[in-house]
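Dock chain B against the given chain A, drawing on the hints supplied.
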Amino acid sequence: MGILSDLLYPFRRPAPPAPRTATGFFTDTTLCIGCKACEVACKQWNQLPSDGFTFTGDSYDNTGTLSATTWRHVTFAEQFPSSDAQPPEPSITPSGSLDIQALLAQAQSGRWLMMSDVCKHCSTAPCEIACPTGALIVNEFANVYLQNDICNGCGYCVAACPFGVITRSEIDGHAHKCTLCFDRQRDDMIPACAKACPTGSIQFGSIEELRERARKRVEELMARGVTDAYLYGDAPSASYSTLGAFFLLLDDPSRYGLPGNPARPQLSLAADWLRTAVGAIISVAIVLAVLLTHAV
Amino acid sequence: MPGLGASFGRGAATTFQRDLSNSDCILIMGSNMAEAHPVGFRWVLKARERGAKLIHVDPRFTRTSAMADVFTAIRAGSDLAFLGAVIHYILEHELYFHEYVLDYTNASTIINESYIDAEEQEGLFSGFDVKSGRYASEPGSWGYSASTEDPGQAETDATLSHPRCVFQILKRHFARYTPEAAAEICGCTASDIVRVAELLARNSGREHTSAIVYAVGWTQHSTGVQMIRAAGIIQLLLGNIGRPGGGIMAMRGHCSIQGSTDLPTLYDLLPSYLPHPNVAPEHATLRDYIENGRGFATSHNADSSGSWQDEAVAGYWSNLPAFIVSLLKAWYGDAARPENEFGYQWIPKNDGDHSQLVTFHRMYEGEVRGLFLIGQNPAAGAPNAALNRRALANLDWLVVRDWFEHESASFWYADPAVDDPKQIKTEVFFLPAASIPEKSGTFTNTDRLIQWHEKAIDPPGDCRSDLWFIYHLGLRLKELYRDSTLTRDDPIKFLTWEYGFDRPEMLPDGRITRISDEPDSAKVLKEINGRRISDGTLLKSFTECADDGSTACGAWTYSGVFPDEDNNRARSRDSTIVGSTTYPNWGYSWPANRRVMYNRASADPDGRPWSERKKLIWWDATAKKWTGNDVPDFEADKPPSYVPAAGATGMDAIAGNKPFIMHADGAGHLFAPYGIKDGPLPTHYEPRESVVSNSLHQTQTNPTLRVSEADINQLAEETDPEFPVVATTYRLTEHYLSGPMSRFNSWLNELQPEMFVELGPELAAERGIEHRGWMIVTTKRAEIEARAMVTRRIRPLMVHGRVVHQIGLPIHWGYAGETVGSIANDLTPMLMGLNVSMHEAKTFTCNVRTGRLRSKPARAIPVAQRPDSGPVPETPGFAQPEGRLDRAGLQRKK
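Residue numbers (our numbering), protein chains in the order written: chain A, 1 to 296; chain B, 1 to 894.
Treat the hints with care, as some may be off.
Claimed, not checked - Pair ranges (Cβ atoms, derived):
id, chain 1, residue 1, chain 2, residue 2, range
1, B, E207, A, D252, 37 to 47 Å
2, B, E207, A, K195, 31 to 41 Å
3, B, I712, A, M222, 51 to 61 Å
4, B, D353, A, E170, 51 to 61 Å
5, B, R511, A, G260, 18 to 28 Å
Unchecked claim - Stretches of chain A that chain B covers, calculated by requiring three or more beta carbons in the stretch to come under 8 Å of a beta carbon on chain B:
id, stretch
6, 59–71
7, 116–125
8, 194–201
9, 263–276
To be verified - Simulated pairs of lysine-lysine, DSS-like, Cα-Cα distance not exceeding 30 Å:
id, chain 1, residue 1, chain 2, residue 2
10, A, K195, A, K216
11, B, K349, B, K493
12, B, K46, A, K195
13, B, K46, A, K216
14, B, K349, B, K46
15, B, K349, B, K523
By construction, these hints were calculated from the structure, which means they are not laboratory data. Backbone N, C-alpha and C define an ideal beta-carbon position, used for all residues, glycine too.
The following block holds chain A by itself, in its conformation from the complex (with noise of 0.2 Å):
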């Protein structure tokens, strides 16, 4: 009996944990003032190491990109005319008959976009669906949760992530993400970003509440004149599902390094098939006729 309840345990499986309200992130980049709090409070609690000392120029970013080793990332886009380029002086008239609203309209000449990226723990996730061994789950809390230990390196995931979220580490071999802070929220508590993060930029709970509070933040900046604001990943595209860590933006996605209309890498899968059918007719037609060929 010992014997065969040992061979038999790894194909056990306990009853999964039951569903607890889905988290996620809402990241409102009108709010965020780029300090990294987040970056480093993210490394603090994973304990992840840091990723070398590389002067890039690239703004005030030094990290690059999502990685094993970073899984938040705050990301600058500088965008200012060139100075030859400034608008006409408003004459000055005494208070009272002044033009408060023209004065305001030319007070910034630029603007300085921030944003801290994420896992976006997506709906309907590729990486999870192109995992062969079950390291990538939906957790009882909706988010995708990476499971280090049964990885295997294959690096399907590496693949299929169409906002290239998830590296395998160089330390381990594995593959590594944001776990949502799966651990801090089984103790409920909220993920160590959104605890550090000083603004509130990033927003962190119910994932239906953060919905519904993101479109009410939209129409508020709407209201306020601040027409550019939209939400980035609330809603499902034709290619692409809901992301669990969505984002209110001010500009085009591939400013803050987004892509603009992420797909499912299923989509390609019927040209895949289609190649791969059209491959195999002409091989097979290649080898008949050699063997005709040669039977004659």
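Frame of chain A; chain B shown alone:
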């Protein structure tokens, strides 16, 4: 902080950071708050979310500018011209808060006939002595004109039309600071200035309040104190002091730096802003000190007359006798008796300037033999750091206490300029210090908020708290002099020094601390709070301090922080909000737990709130006392209608409608009759190193400026064509100060790994400097190399019709640490303003070129291996976080 003290009475931020969320408009100038104070900046963003306008005026477009509604770039060091134009515009268009100005400021006070304004004398006020470079020769000409009816009172004119009344003097003084003239100086446009003035004015008054935030971007100028004064004038004119969402928020640059001004590490102050006694006859005995005390120390001259004398008679400083005697009792205990002036003579008298920069200059000259450096890194962080390093090399011995072996501790071998460590004669002792969670004690930060922090764990190895070190140093000195019969050793023999724990200290996990000889920091705080001598009970408030030796109090402003033996109010963590934003039981805010100082001004002269929206405290006529959402900064039962009788003294001399109780006249000082050593009104002078001449008057720079005349402290003359570029220094969020705490941490180093210089593409193109390439910055003093960060965030400015380029240098690098780089402070000059001996690292002139220096670069010390903690206990190996895997032999690369 005499800029705030001279304007309002106390040298501290008038409000607290959370209160910024009540503002309708916030001007951030001389501060990069989002980067340097990101946590406090949340309240600024909260205000913006509520519709407040956020203005940032700065030489560089920073992460603060990115959040602002309005950004205006100005030339570094031109702030006073900008602020002067704002004042001009407010006066010119009558945008000031008339009732507030009339009742709560000294606008109506008439100034002495002998006063001559800087505008009439090419930038010099009356009383300037050319020989000494100080305002000294003419008696009290900046003072109030005495009333003919009551010589104890100043003459006033409620119509504000008397030609010598402060209001008219102010108008004349700023008459030439038109937006157009200032724009020429600052390199912005006149409408940039009008925009700021209009936004501030429109968001002030009965229904609205505006706040001003500054930091070392103002203080580190030769005119820094006057910049803060100018902000004080704006806020008094607009009626924004003492009201919710108003005030001036002085953002402090270091942890507990407010605390080290309150319990000062400054040579000229005793705790709680009591003046340090001078060798002058005015301070010869305790009686002299009490009679002349603070007013004398803050006067601009040593003359026998002047408004400073009033402080000993009227206003809150009339309590000086109680405060100094209680302080002496706290220090010398039973040995302090009436017959020996309570030990007054044991305090060494000040015989001159012993500020940091002056002392380092003397060290450079070889006049200083030994130095304790506790939590400071002048070898990289002080202006003209190279001079500071040479000064350290002139010492016989140096004791450094810090977390890491930073530049000042390793200068003798790690400085690339040192060829042979054997040539350095200084004996360096490096003592490892405990970090914040490894000791208990208090922080007093920006908001005057005293917050206790608990010790969580014992420090590793030989690391000890600074308190431990000072305590044991004191014990050993006392032991050394125990049997001495010399009078000069009495100050050490009679010093009270009993801070040991009564029972072993417990750690939070229930274990007894390994460090059995650690002193009890709560005992120190109790001594600061004060006790009654007779029964040893703790004082409830500084109002209990007595001048007869019956009380002991180590710092009167802090009294009340420890009112009972087991009630440490600095430890209190009750975040209940009263009113809109006050949280009275979170920590303890001096004085008397007030959150907004001068809050009597939040009510009108009759004691009613100026408006429902901006109410804070008010007079309750039924209960006959002041009440509201904050502790009143006023005598609780003094009615608004109170009028002092002729000849009244002390607090009785302050009328019921005068909110600025520290001042003898109870008024906010638009015009500072005393307390400022370089002029009663702010005047624009060019920085000591400037690319332009002063267009307002012939006095080019602050006439009271002092410069270190060391051979390696050469200064470029005005408009020197060899140094046409304006440079400024700054901090990044990712690092702290000169890096002694941050450049030994890989998680921070990877975020900003290398020294760089920010410059605009125009200048880069002109000099052939490539983005990310190497460049050299040259000043009259030194040359450094750095990577070029070419960015449009730095714009060329049009100053007096010509293009002026600016560059910015972060101050974070040095030759010790995990990442190393050139020291920006090798470029900055060592010079000092007269008021607080502050330097001018925020603006100097330089030149730039492409390339690298030949000298040997510093070597990085791989001191920190992150992550350095062991595996997570009771967790299987496969579940360990990645960083805790055994990484031996594995090389990481990007």
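Quick rundown of the hints versus the structure:
no., hint, result
1, B:E207 to A:D252: 37 to 47 Å, "holds (41 Å)"
2, B:E207 to A:K195: 31 to 41 Å, "holds (37 Å)"
3, B:I712 to A:M222: 51 to 61 Å, "holds (59 Å)"
4, B:D353 to A:E170: 51 to 61 Å, "holds (57 Å)"
5, B:R511 to A:G260: 18 to 28 Å, "violated (57 Å)"
6, 59–71, "holds (count 7)"
7, 116–125, "violated (count 0)"
8, 194–201, "holds (count 3)"
9, 263–276, "violated (count 0)"
10, A:K195 to A:K216, "holds (22 Å)"
11, B:K349 to B:K493, "holds (18 Å)"
12, B:K46 to A:K195, "holds (17 Å)"
13, B:K46 to A:K216, "holds (17 Å)"
14, B:K349 to B:K46, "violated (48 Å)"
15, B:K349 to B:K523, "holds (28 Å)"
Violated hints, in rising order: 5, 7, 9 and 14; the structure is consistent with all others.
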